[in-house]
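Chemist: Given the structure of chain F, go ahead and fit chain V onto it with the hints provided.
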Amino acid sequence: MATTDTRTPGPAGPGAGSELATLLRQVDPRRRRTDLLMRVVITAAFALAMIPLVSVAWTVVSHGVERFDAYFLTHSMRGVFGGVDAGGIYHAIIGTVEITALAALISVPIGLLTAIYLVEYGRGTLARAVTFFVDVMTGIPSIVAGLFAYALFAVILGPGVRMGVVGSVALSVLMIPVVVRSSEEMLRLVPNELREAALALGVPRWLVVVKVVLRTAVAGIVTGVMIAIARIIGETAPLLITVGVADSINFNLFEGRMMTLPVYVYRQFQQGLIPCSAQDTACIATVTYDRAWAAALTLILVVMLLNLVARLVTRLFAPKTTV
Amino acid sequence: MTATTSPAPPGTEPGGLPDAERRTPRRRPRAQRVVERGASRVFRWTATGAGALILIVLAAVAVFLVLKAMPAMTASSDELVDGVSFMRGSSSLLDYVGPLVFGTVLAALLALLLAVPVSIAIALFISHYAPRRLAAGLGYVVDLLAAVPSVVFGLWGAIVLAPAVQPLWAWLGENLGWVPLFGGTVSPTGRVIATVAVVLAVMILPIITAVSREVFLQTPRLHEEAALALGATRWEMIRMTVLPFGRSGVVSAAMLGLGRALGETMAVLMIISQGFLYSFLLLAAGQQQTIAANIAAQFPEASDLGMSVLIATGLALFVITLVVNMSARAIVARRKDFSGAN
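So the protein sequences, as listed, match chains F and V.
The numbers in our numbering rise by one with no breaks, and the one at position 201 of the first sequence is 204.
The numbers in our numbering rise by one with no breaks, and the one at position 208 of the second sequence is 626.
No lab work stands behind these hints: they were computed from the structure.
Predicted model, so just to flag it, every value in this text is computed and none were measured.
Even for Gly, the Cβ is constructed at its ideal location relative to N, Cα and C.
You may find that some hints are simply not true.
[Stated by the list, open to error] Derived CB-CB ranges, DEER-like:
1. V:Ala-565 to F:Val-44: 25 to 31 Å
2. V:Pro-606 to F:Pro-278: 15 to 21 Å
3. F:Asp-31 to V:Ala-565: 43 to 49 Å
Okay, chain F solo, but in the shape it has when bound (with noise of 0.2 Å):
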């Protein structure tokens, strides 16, 4: 917020208002000075917020781009082993691309539902119920997540499952209320007006919600869910003990464990580096690092462009409206 100059209180003449002026910063110096280091303490800490993300980025970039290539985006870690110069991330990118489609296929339906609901028909105490548990469940763990999608199909399949719709429906999880959230919020931009002229001409209830009300901000429910799907595609920990770890490429969700980006980066940084013997030129010790970075910077890059493309989305298909 642009507020304008505080010490200078508005002179009414030149001469007064000057001398008022330098009255007013002689006579109390403490005050000054602990504006001044407030204003240093404060634009230091955004700078302090700073170094995180500029290290984040450059560590990440300028280890990862040693090992990003075609080879490493088009062969899977089948019988890589050691410190073999070879290995690559195909595996990963089809479990990955595979695991958060389904996510999104249960997610959206639901989540795009449940806002209109909230936003069309919404009264009452299930309504009120929803808007607080969908807040409540932004924060369950996703950690948790995963437990509670393993223990459901252990429920039902028995104990030991592991694949790779398990880990979509934990993904759905944390994935459904954000969603709603995001979707909520852009249906309730669409003008009311919108909706009493179509009702007014006698359209049924339903296709004014399909036809005008998510024509209208079909948008920004792209962008929320692009968004959503951005934020679920680096989750780690519920596919690591749902899915589990593979090697080689699988891409039947329904059976057998499958490799996702994110897992992948920690799985290589948990074998930490290879112990080398002298004469062996062609192992590398540090290989497994190298994968770690270069898949990081893919799971960056795919993020990153997700959100880019939202961004796109909204500026591009947003409804040329003056309301």
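Modeler: Leaving out everything else, chain V in the frame of chain F:
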């Protein structure tokens, strides 16, 4: 509506209006609802069903966690200690959960302690110090921190930050070792709870900043201008108008951040060298562990009973975060009436 349907006030004639006329306003909305049939009614019930599903899912989370935690909660201590490999050091389930809860709360509170002052300052910088044209862009830059996946923060914390801050921890241990918090042998790797707290603080910074910033921006302009007109400097104006106005917002923002920090898994898992002690030594290795990180560490190789134990600890985490988040929401709701520009 209420005037016509409520019983007639004592002064007037009770039978003044014919019954049918008096009821018509009450009937009309009902008649409108009947018109909604066919696809519209299906649509309404589908939407309502989706809303109810949210409540069902949340209830299911609790139910299934309890269901799978039951074996661990009903098993005898001997069964647990013999059957679960990672419980060897503890004598009962409570004995196992206790230090984990302690570690979780300690790490989250430390992170909060670091993050709140910085977040308030950043929010003030964006709302009251930065040039108006830059403010939105700067807010977006802070939000970028929230877009970084936690596993990347973990990687960064373990490989870059831990070695970088180790000299600082060593210096603290050398010069301030008499403070109980900094006592013990300072870890040579820097993989300690103090480093974890720094990373967690960075991770919860964006949410605390975003909420505080929104609240600060809502300060009534007239309050600010009144303070300035009385000759207050910018800082005095902030102290007298912006901070009192935004206090409840900052409190709830901090609690939302606390909820995040409590449940964070990967950063803790990848950085900390775990231990299961009630220990306040922030700079020594092998002292604390958090619930979330412990689950992620033990789950892949746990036996059936072991998983049950871990789910029981997860249930504890769920309850803790639920309480924190619900009280944060309650504070916002309670203070809402008083925080307006009245």
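Chemist: Each of the hints needs a verdict: does it hold here or not?
Modeler: Hint check results:
1. V:Ala-565 to F:Val-44: 25 to 31 Å: 27 Å, holds
2. V:Pro-606 to F:Pro-278: 15 to 21 Å: 20 Å, holds
3. F:Asp-31 to V:Ala-565: 43 to 49 Å: 45 Å, holds
Going down the numbered hints, you'll see the structure goes against none, and every one checks out.
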